[in-house]
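Colleague: Work the whole structure out from these sequences, hints included.
Residue numbers (my numbering), protein chains in the order written: chain A, 43 to 167; chain B, 43 to 167.
Calculated directly from the structure, the hints in this document are not laboratory data.
All values reported here derive from a predicted model rather than from experimental measurement.
Some hints could be false.
[Claimed, not checked] Ranges between beta-carbon positions, derived for each pair: (1) B:63 to A:167: 34 to 40 angstroms; (2) B:100 to A:52: 26 to 32 angstroms; (3) A:99 to B:164: 21 to 27 angstroms; (4) A:66 to B:83: 27 to 33 angstroms; (5) B:137 to A:98: 34 to 40 angstroms; (6) B:74 to A:46: 22 to 28 angstroms; (7) A:101 to B:88: 26 to 32 angstroms; (8) A:83 to B:83: 24 to 30 angstroms.
[Unchecked claim] Covered, in the sense of this in silico footprint (three residues per stretch, anywhere, with C-beta under 8 angstroms from a C-beta of chain B), are these stretches of chain A: (9) 76-84; (10) 131-140.
We put the beta carbon where it would ideally sit given N, CA and C, even for glycine.
Protein chains: 2
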Amino acid sequence: GSGDYASVADQFVKFYYDTFDTNRPALQSLYRPSSFLTFESSQSAGVADIHEKLTNLPFEKVKHNVTTTDAQPVSGGAGIIVLVTGSIQVDDQPKPLNFSQSFLLMNDGSWHVAHDVFKLIFPAE
Amino acid sequence: GSGDYASVADQFVKFYYDTFDTNRPALQSLYRPSSFLTFESSQSAGVADIHEKLTNLPFEKVKHNVTTTDAQPVSGGAGIIVLVTGSIQVDDQPKPLNFSQSFLLMNDGSWHVAHDVFKLIFPAE
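Modeller: So, in structure tokens, the structure goes:
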């Protein structure tokens, strides 16, 4: 049905952040050799580079809270673009930080992350 | 060169928000019949619907301030995914609001907006 992309997006978002928060090395199975990750404006490409970036972030404990997930079907359903907003709490930081993350998911038999852009958001002055 | 997508993204972002803030009806030239816009979780599709949405937003004066623009080449350069963060000031609102906006730009002879997702960001508690 026409709502399937939204359901795939919701399931992906839940799986992605659960995995990020509990078993970060396992995220690498979601990427492909042609994938890109931009994390706080630093770009990585390919499974090995992305894995190294994600497993060497400067924090240990992390918890994401998703506030919104907006999805659109790309190329008649071959892909899904997703914009997530939420907050992230790391280590013993007293307050969560806002983040925004954009994904382009593609299906090559299974859904994977072709593009991933993560950015922290600091309050406007 | 390999940096061209970043330059296209920067030029697009400047043009998009300048046009949004000074001549909003002209944004419709950036969309195509297959384009999607999700504005604050409300989805529009196609040039006419997107035009109607953008020109009937509940504010008159608007000014975007872009804080960050992160781009990646899609499908070997046929497309560009862009994540923008920044703030938006509308009408006589005393304070700007944070926003995040994700674009998938495609080139059919000229660069256009295939996908557009806009979301306001409210500070984490």
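Colleague: Against this structure, judge whether each hint is valid.
Modeller: Verification of the hints:
1. Checking the proposed 34 to 40 angstroms range against residue 63 of chain B and residue 167 of chain A shows it is violated: the Cβ atoms sit about 19 angstroms from each other.
2. As the Cβ distance of residue 100 of chain B to residue 52 of chain A is approximately 28 angstroms, the hint placing it in 26 to 32 angstroms holds.
3. Here the CB-CB span from residue 99 of chain A to residue 164 of chain B is close to 25 angstroms, well matched to the stated 21 to 27 angstroms.
4. Between residue 66 of chain A and residue 83 of chain B the C-beta distance comes to about 29 angstroms, which sits within the given range of 27 to 33 angstroms.
5. A C-beta distance of roughly 37 angstroms is found between residue 137 of chain B and residue 98 of chain A, which places it inside the suggested range of 34 to 40 angstroms.
6. With their beta carbons about 23 angstroms apart, residue 74 of chain B and residue 46 of chain A fall inside the hinted range of 22 to 28 angstroms.
7. For the pair residue 101 of chain A and residue 88 of chain B, the supplied restraint of 26 to 32 angstroms is violated, since their beta-carbon distance comes to about 43 angstroms.
8. The beta-carbon spacing between residue 83 of chain A and residue 83 of chain B, approximately 26 angstroms, falls within the hinted interval of 24 to 30 angstroms.
9. Counting residues of the stretch 76-84 of chain A whose beta carbon lies closer than 8 angstroms to any beta carbon of chain B gives 3, which reaches the threshold of three, so the coverage claim holds.
10. Taking a C-beta to C-beta cut-off of 8 angstroms, the stretch 131-140 of chain A contributes 4 residues in contact with chain B, enough for the three needed, and the coverage statement holds.
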